[in-house]
Amino acid sequence: MILAPALLSIMQILLLVVLGYAEYRLWRGTSSPTARILSLLFSGTIAWAIIRPFMFTL
Amino acid sequence: MKGLHTLLWREYRSSRGWAIGLIGSLGLWTWIVSMINNEGVENRLALRSLIITVAFAIGVIVLSFMVGRLHTEIKHDEHRTLLLSPIPGYLHIVSRLVFAVGVGLIYAIGLGTLTWWVFSQAGAHLGASSIMQLVAAFPAFGIVTLLMPTLAWVLLLVLFANAYRLSHLTWIAVIVMCAGTPVSLLYRGINGLDHHLPVWTTAPGITDLFNRLAGMPTQGEGSMLTMAVPGVVHYGDIVGAVLLTGLLVFLAARLWEEMEG
Amino acid sequence: MLAMLDDVTKLYGKNCGLSNLTLDIPEGQVIGLLGVNGSGKTTLLKLLAGLLLPTRGQVSVLGEPPRRVRSKLVFLGETDAIYRWMGPTDAGYLMSGLYPDFCPQRYLALLDSLQVPTRRAGAMSKGERVRLRLAMALAREAALYILDEPLGGIDLAARERILQSIVGQWRADASIILSTHAIAEAEGLFDRVVLLKQGSLVLDALAEELRERGESVKSTFLEVLG
Chain A
1 MILAPALLSI
11 MQILLLVVLG
21 YAEYRLWRGT
31 SSPTARILSL
41 LFSGTIAWAI
51 IRPFMFTL
Chain B
1001 MKGLHTLLWR
1011 EYRSSRGWAI
1021 GLIGSLGLWT
1031 WIVSMINNEG
1041 VENRLALRSL
1051 IITVAFAIGV
1061 IVLSFMVGRL
1071 HTEIKHDEHR
1081 TLLLSPIPGY
1091 LHIVSRLVFA
1101 VGVGLIYAIG
1111 LGTLTWWVFS
1121 QAGAHLGASS
1131 IMQLVAAFPA
1141 FGIVTLLMPT
1151 LAWVLLLVLF
1161 ANAYRLSHLT
1171 WIAVIVMCAG
1181 TPVSLLYRGI
1191 NGLDHHLPVW
1201 TTAPGITDLF
1211 NRLAGMPTQG
1221 EGSMLTMAVP
1231 GVVHYGDIVG
1241 AVLLTGLLVF
1251 LAARLWEEME
1261 G
Chain C
2001 MLAMLDDVTK
2011 LYGKNCGLSN
2021 LTLDIPEGQV
2031 IGLLGVNGSG
2041 KTTLLKLLAG
2051 LLLPTRGQVS
2061 VLGEPPRRVR
2071 SKLVFLGETD
2081 AIYRWMGPTD
2091 AGYLMSGLYP
2101 DFCPQRYLAL
2111 LDSLQVPTRR
2121 AGAMSKGERV
2131 RLRLAMALAR
2141 EAALYILDEP
2151 LGGIDLAARE
2161 RILQSIVGQW
2171 RADASIILST
2181 HAIAEAEGLF
2191 DRVVLLKQGS
2201 LVLDALAEEL
2211 RERGESVKST
2221 FLEVLG
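Chains as they are written, first to last, in the working numbering: chain A, 1 to 58; chain B, 1001 to 1261; chain C, 2001 to 2226.
Quick caveat, the hints were computed from the structure, so don't treat them as lab data.
Fair warning: there could be bad hints in the mix.
Claimed, not checked - Here are some of the chain B residues that sit facing chain A, going by a computed Cβ distance under 10 Å:
#1 Leu1159
#2 Val1176
#3 Met1259
Think of the CB as a built atom: it goes at the ideal place given N, C-alpha and C, for glycine as much as any other residue.
Chain A extracted, bound-state conformation:
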């Protein structure tokens, strides 16, 4: 009962780490300011979607 939400949280943290690394690569991988803003926007919304249920769990 206690383990299930804990595992879910670890999965969410792992997803966030992967997303953070992808965003880091994308930020450095282009010289286009618009592409940087877009990648930040998309990564940010995905991160929010991952974090939101986690916040409810808390």
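Chains B and C: place on chain A using the hints.
The following block gives chains B and C in isolation, referenced to the frame of chain A:
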């Protein structure tokens, strides 16, 4: 304006095979629909309507691939003649969008006409204004609220992915945008559009027709042979879709201007 | 000064395309850009055309960033392709609609002198497509012509025609920067020779000076890079 005219001509020359193929496929859909002769008017009507819906969805997919060929142009450096020209970036995006939307509109009007034929075959004789709704207003509504933002999104996706071509991060960019877009729409309430789509208002009409054909009691009034298709007056959806398309075109134009390679 | 690269470095991730390069391009000069494959020639030319942005340093053409003066630049890339459906007539129509400085009369003369066939690009040989692209590029009245390997994959007879066309269209107030591996054929054309090695400038000399010293561009190239 000469620049836009030239770019539209280029788009026509480059994509006319796709356009003719798609519009020509209307003959195929008509043939398929006419071949459906199931027992029961309601079954026949339902199946024919489903095929027309599928035909519209296929049209959207085909046109998405048509505008998505920008990716191949960039990959083969065919776009450089356009990229290095002094024509502003938004005209390059708008010309591709206008051509594809024009082809989509003709295709959708064809499907609307086919729908009218299907209704008349089912025994529903529509009034002149309802025919206009079916043949002109519904297709235009579908094009503005569905096709236009979809194609603008595809162009943005191609240009966004291309911004990472030199660093070989194209696939990460594609995954992030494809996953991020529905989430972005969710949190910005833009997906709220589908709560107001015209199918909501047309559904009672079709149900009514089924009930009348099956001899069951109906809520509708008037002659059984006359059915009014509810009007398409969803200004909020139209304005929302146009604004969304405008935003996507603006971003795609910025990416075009900032393109490296 | 027509164009200038000021202490320019271009990095591709961890790889260095160009390193701390400074170069001035005055008006009315034909510059031969030489170097082995991977020496940074294409990177330099793309930076000048505004197709790449420098990681460090500044690039300017007519005192502006290259992207702001695109109408004054002609870039002919080595890998550029032509739409396969496009024939010389379509290409002329496209160019005249996109570039205000495109001269249709000059284009027709170039098509003739370069012996470009009238069929669509998809049915042309590689060399014919290069000649069509060259006619499209040289028919513009730009300030700076940036030509990346215009002689690549071209037979000897056609090389001669191409070089003659480049010389024939050149105006005294315009400059040409041209990269090529066909040094022997092109060296008579150059006013100045710039040699790159591993992204750095190793030689910047006037061709006339080399000739006065009794050295050919080719022998200098082999000596410096060899």
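So, going through the hints one by one against the coordinates:
1. The criterion of a C-beta within 10 Å of any C-beta in chain A is met by Leu1159/B, whose closest approach is roughly 8 Å, and the hint holds.
2. For Val1176/B, the interface hint holds, the least distance from its beta-carbon to any beta-carbon of chain A being 5 Å, beneath 10 Å.
3. Hint on Met1259/B holds. Least Cβ distance to chain A is approximately 7 Å, under the 10 Å limit.
In summary, the structure agrees with every hint in the numbered list given earlier.
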